[in-house]
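If you want the building blocks of each chain, they are given just below.
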Amino acid sequence: MSELDDSIVDEFLVDSREGLDRLDHDLVGLEQDPASSALLKSAFRTLHTIKGTCSFFGFRRLEKLTHAGEHLLARLRSGELAFTPAMASTVLAVGDQVRTILSHIKAHRCEPEGEDLALIARVEQAASGEPDVTSGPATPAEDIPAESTTQATVRVDVRVLDGLMNHVGELVLARNQLLQLVAIADWAALPAASQRMDHVTSRLQEAIMRTRMQPISTLWTRVPRLVRDVASACGKQVALEMEGTDTELDRSLVEALKDPLTHLIRNAVDHGIEAPAARKAAGKKTEGQLRLRAFHEAGQVVLELSDDGAGLDVPRIREKALQRAVVSSEEAARYTDADWMRCIFLPGFSTAASVTAISGRGVGMDVVRTSIHRVGGTVDVHSERGRGTTLRLRLPLTLAIIPALIVDAAGDRYAIPQINLVELVRVSAADLPARIESVQGAPVYRLRGQLLPLLSLARELHGPASAGSTPRTLVVLQVDNRTFGLLTEGVHDTEEIVVKPLSERLRTRTLFAGATIRGDGRVALILDVSALAARAGLSTSPGEHSVAMPVAPAPGVHRALLVHTLAGHALAVALPGVTRIEEFGAAAFEQLADGPVVQYRDAVMPIVVLESGARMPAPWPLQAGRTYPVIIHDHKRERCGYLVDRIDDVIEQTGPAPQGRVVHHGTIIEFVDLLARAKEAA
Amino acid sequence: MSHVAASGAWCTFRLAGNSYALPVEHVQEVLRPALITRVPMAAPAVRGLLHLRGEIITVLDLAQVLGLPACDERVRPHIIVRDGERSVSLLVDAIGDVQRHAIENIQPSPGTLSAAIRELVIGAIPQPNELLLVLQLEPLLQRAFEPQGGPERREDARECA
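Chains as they are written, first to last, in this note's numbering: chain A, 1 to 682; chain B, 1 to 161.
Quick caveat, the hints were computed from the structure, so don't treat them as lab data. Any given hint could turn out to be false.
[Said to hold, decoys possible] Simulated restraints, written as ranges between beta carbons of each label pair: (1) A:Gly411 with B:Leu52: 16 to 26 Å; (2) A:Gly519 with B:Ile122: 37 to 47 Å; (3) A:Val182 with B:Arg74: 37 to 47 Å; (4) B:Glu138 with A:Gln418: 17 to 27 Å; (5) B:Pro44 with A:Ile668: 56 to 66 Å; (6) A:Pro276 with B:Glu138: 32 to 42 Å; (7) B:Arg74 with A:Pro464: 21 to 31 Å; (8) A:Leu190 with B:Glu138: 47 to 57 Å; (9) B:Arg74 with A:Pro501: 19 to 29 Å; (10) B:Ala16 with A:Asp10: 26 to 36 Å; (11) A:Met165 with B:Leu52: 26 to 36 Å; (12) A:Glu18 with B:Arg14: 51 to 61 Å; (13) B:Glu138 with A:Val422: 40 to 50 Å.
[Stated by the list, open to error] Only some residues are given here: those of chain B computed to face chain A with a beta carbon under 10 Å: (14) Val39; (15) Met41; (16) Val46; (17) Glu55; (18) Ile80; (19) Gly84; (20) Leu141; (21) Ala144; (22) Phe145.
[Claimed, not checked] Counterexamples of contact, computed for chain B against chain A with all Cβ distances above 12 Å: (23) Pro33; (24) Arg100; (25) Gln136.
By construction, the Cβ of each residue, glycine as well, lies at the ideal position given by its N, Cα and C atoms.
Using the sequences provided together with the hints, build the complete structure.
Structure, rendered in structure tokens:
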């Protein structure tokens with residue numbers, strides 16, 4: 001090969017690889033729908049393009065091979081031949097061989113020696129209309145030399161790029177303005193300029209994020225082929241359904257998800273879905289269902305993989321877990337089915353083939369969980385015996401900028417990713433010893449009647465000698481449905497932080513997922529919550545010392561905010577009616593003709609008395625200089641604020657929905673449901 | 001990473017009363033004393049992290065790596081060196097000149113050096129009234145990140161109150 005411009009060859013390699021993925025997709029589609037001329041045309045076009053480029057570069061071997069495949073597709077397209085599944089296998093084999101040769105070209109900048117006579121003969125035989133004697137599934141895609149698909153280039157919509165340029169233009173203007181104001185020392189205009197800078201930066205951030213976003217379909221293009229190969233290798237029939245293919249996520253996540261997803265799909269087809277005979281015996285359709293679903297929820301990407309197979313065999317998992325002593329017999333007594341199912345993520349469960357065969361899952365599930373944790377996500381399993389299994393992955397939208405809570409520990413500031421944050425509980429130093437109990441030597445905190453395992457951040461980081469300052473705030477964290485409390489010496493605001501990687505050399509054995517640069521230019525470390533839980537022995541054994549405390553309470557559990565009103569009454573306010581809680585200084589409340597208001601989020605919000613729901617009467621009982629909590633309630637488009645004296649706690653009631661009153665610590669407290677009240681008023 | 005300055009130029013600095021040299025090719029820049037954030041549970045030579053133009057840089061106490069008495073990082077300057085794709089900062093007592101010395105001038109390091117230093121020094125350049133010790137970066141960085149003697153986690157550290 002002559003001196004070719006490397007960048008042109010690289011471009012050809014990237015394009016061809018995308019084309020081959022599409023070819024796989026089209027061919028697997030044709031197997032399902034042999035009459036589709038659109039799919040046939042698309043497959044033909046792809047191979048034709050690759051052939052043309054190969055001939056331009058002088059890649060003779062590739063040209064011959066793709067020519068044979070193109071010829072077969074041309075005859076199919078013109079209707080001279082009818083499509084058969086064997087043909088799909090043949091053309092897939094061509095695609096795989098082209099991939100192998102492309103890998104060689106990528107590494108050595110030339111074609112490998114040799115010819116593909118046998119394969120070409122097979123294609124020509126198929127094209128001549130004779131039945132393919134060597135039929136059978138093409139080499140499973142897995143066996144093709146693993147190629148790093150990390151692409152060095154991205155395609156960006158020109159409109160997005162233009163938008164970016166506009167934002168950068170605005171940023172330059174804002175900077176010029178700022179520099180000029182500083183030069184002439186016009187401090188009065190500075191706040192406006194800084195606000196403008198803030199807006200422009202946010203918009204720029206959003207636009208850059210969009211260039212990094214990719215639809216999840218880029219990850220899913222190879223899934224049909226994978227399912228087909230694995231299914232035919234295990235003699236099963238599997239129908240694949242994909243939902244939410246346009247769900248976008250950061251491209252670094254797309255990369256990180258590739259291997260875990262492949263693993264989960266292989267597992268689902270290989271172990272989850274039963275053989276056709278077994279399905280028939282169980283009264284199911286012989287064809288198994290595999291469903292991939294992606295959607296956005298609460299600022300996260302959720303990826304679900306469900307099969308309608310045999311489900312997890314909890315009794316066998318229990319037996320194996322006890323036998324292998326990964327779960328002690330006293331823990332076992334407390335385990336629920338969900339806890340047992342989570343055992344499939346334990347490292348001890350992964351290597352043993354016998355467990356895999358009977359439990360239906362297993363090889364490397366701990367590896368899957370580790371890779372998901374590494375990108376700040378979580379994974380959970382739900383299964384019903386005989387009905388199937390669902391794996392649910394929750395992932396952050398991006399790894400580059402994440403919302404985080406800033407906390408203090410031993411004089412330093414740390415960032416905790418908000419994805420792990422459940423709630424904050426303020427504790428006073430005097431109160432703390434009374435509320436901390438010990439279970440088997442480990443400290444727990446009693447939160448609304450539930451025992452919460454407790455860690456102290458300062459001690460985890462610096463050892464027992466660091467017990468200098470007093471913990472003030474309990475940060476309740478959750479990772480993989482394990483909840484625990486982290487004692488910190490104070491919390492600051494939540495902010496969006498830019499995640500910077502730590503040096504590779506530092507990354508071993510630390511509790512940090514990275515670092516960020518704070519507004520004052522100093523570095524703050526980002527806590528790796530799952531590493532923290534694992535180090536404290538919390539998440540390696542599901543169920544141990546920990547309470548299952550879902551973010552959304554179980555049905556039949558009612559949560560309410562316990563407050564003191566200005567008139568001195570204790571009231572319980574149903575949590576579902578509480579949109580937000582904000583604090584306002586006494587001076588922020590302004591008196592209008594029809595009652596008091598505050599300015600909130602660029603609008604005027606009326607202030608209402610909690611007990612009666614009526615506007616607050618004058619005169620004001622407020623003390624100057626202190627702040628007051630306001631419970632904000634949105635109903636449809638109406639928003640109002642309930643001014644209270646203080647917020648005491650969150651309480652939990654089980655049973656039927658409280659009517660008018662609740663009993664808390666033996667006292668009867670009036671119960672207010674803002675949602676019900678708003679409906680009545682409407 | 002070559003440990004000999006191809007250009008024959010050496011960045012010199014002082015540490016615990018001695019002069020040391022690194023090839024200028026490895027040195028990205030020098031910084032004034034700066035605020036750094038400590039990293040719990042890191043190797044003892046890791047003093048913390050520093051923010052430099054959007055990059056997070058690990059700060060190493062060179063004195064500790066060489067087994068010399070450590071001093072206050074808040075008043076010491078940084079030498080920023082390249083470590084592959086990233087940068088690392090070395091805390092030193094004072095930055096010296098960039099000096100030119102031909103490779104032939106490097107003599108075997110004196111046998112009187114302590115064992116800890118000897119592994120990290122490839123030779124010495126005689127100066128009018130002292131020896132300039134030539135350091136090799138890669139083994140130095142390797143040793144700096146070794147977790148020796150770091151505060152290991154104790155299983156009994158679960159009590160909180």
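Checked hints:
The hinted window of 16 to 26 Å between glycine 411 (chain A) and leucine 52 (chain B) holds, with their beta carbons roughly 23 Å apart. For glycine 519 (chain A) and isoleucine 122 (chain B), the hinted distance range of 37 to 47 Å is satisfied, since their beta carbons lie about 44 Å from each other. In this structure the supplied range 37 to 47 Å is violated for valine 182 (chain A) paired with arginine 74 (chain B), their Cβ-Cβ distance being about 29 Å. A beta carbon spacing of about 39 Å between glutamate 138 (chain B) and glutamine 418 (chain A) contradicts the range 17 to 27 Å that was offered as a hint.
With their beta carbons about 60 Å apart, proline 44 (chain B) and isoleucine 668 (chain A) fall inside the hinted range of 56 to 66 Å. Checked against the hint of 32 to 42 Å, the C-beta distance between proline 276 (chain A) and glutamate 138 (chain B) comes to roughly 59 Å, which is inconsistent with it. Distance hint check for arginine 74 (chain B) and proline 464 (chain A): the Cβ-Cβ separation is about 27 Å, which falls inside the suggested range of 21 to 31 Å. At about 48 Å, the CB distance of leucine 190 (chain A) to glutamate 138 (chain B) agrees with the hint of 47 to 57 Å.
Between arginine 74 (chain B) and proline 501 (chain A) the Cβ separation comes to about 26 Å, which falls inside the hinted range of 19 to 29 Å. About 51 Å separates the C-beta atoms of alanine 16 (chain B) and aspartate 10 (chain A), a value inconsistent with the hinted range of 26 to 36 Å. The hinted window of 26 to 36 Å between methionine 165 (chain A) and leucine 52 (chain B) holds, with their beta carbons roughly 28 Å apart. As the Cβ distance of glutamate 18 (chain A) to arginine 14 (chain B) is approximately 57 Å, the hint placing it in 51 to 61 Å holds.
At about 45 Å, the beta-carbon gap between glutamate 138 (chain B) and valine 422 (chain A) stays in the expected band of 40 to 50 Å. At its closest, the beta carbon of valine 39 (chain B) sits 7 Å from a beta carbon of chain A; the interface hint therefore holds under the 10 Å criterion. Here the hint on methionine 41 (chain B) is kept, as its CB sits about 6 Å from the closest CB of chain A, short of 10 Å. Look at valine 46 (chain B): its Cβ gets to within about 7 Å of chain A, closer than 10 Å, so that hint holds up.
Hint status for glutamate 55 (chain B): holds, given a least beta-carbon distance of 7 Å to chain A, under 10 Å. With a cut of 10 Å, the hint placing isoleucine 80 (chain B) at the interface with chain A is violated, because the nearest CB-to-CB distance is about 13 Å. Given hint, glycine 84 (chain B) at the interface with chain A, holds; its Cβ is 8 Å from that chain's nearest Cβ, closer than 10 Å. Contact between leucine 141 (chain B) and chain A, as hinted, is supported at the beta carbon level, the nearest pair being about 7 Å apart and thus within 10 Å.
Among the interface hints, the one on alanine 144 (chain B) holds; its C-beta lies about 8 Å from the nearest C-beta in chain A, closer than the 10 Å criterion. With a cut of 10 Å, the hint placing phenylalanine 145 (chain B) at the interface with chain A holds, because the nearest CB-to-CB distance is about 4 Å. Taking the minimum C-beta to C-beta distance to chain A, about 14 Å, the non-interface status of proline 33 (chain B) holds against the 12 Å cut. With a closest Cβ-Cβ approach of about 32 Å to chain A, arginine 100 (chain B) is found to remain outside the 12 Å limit, as its non-interface label requires.
Non-interface status of glutamine 136 (chain B) relative to chain A is upheld: no Cβ of that chain comes within 12 Å, the nearest being about 17 Å off.
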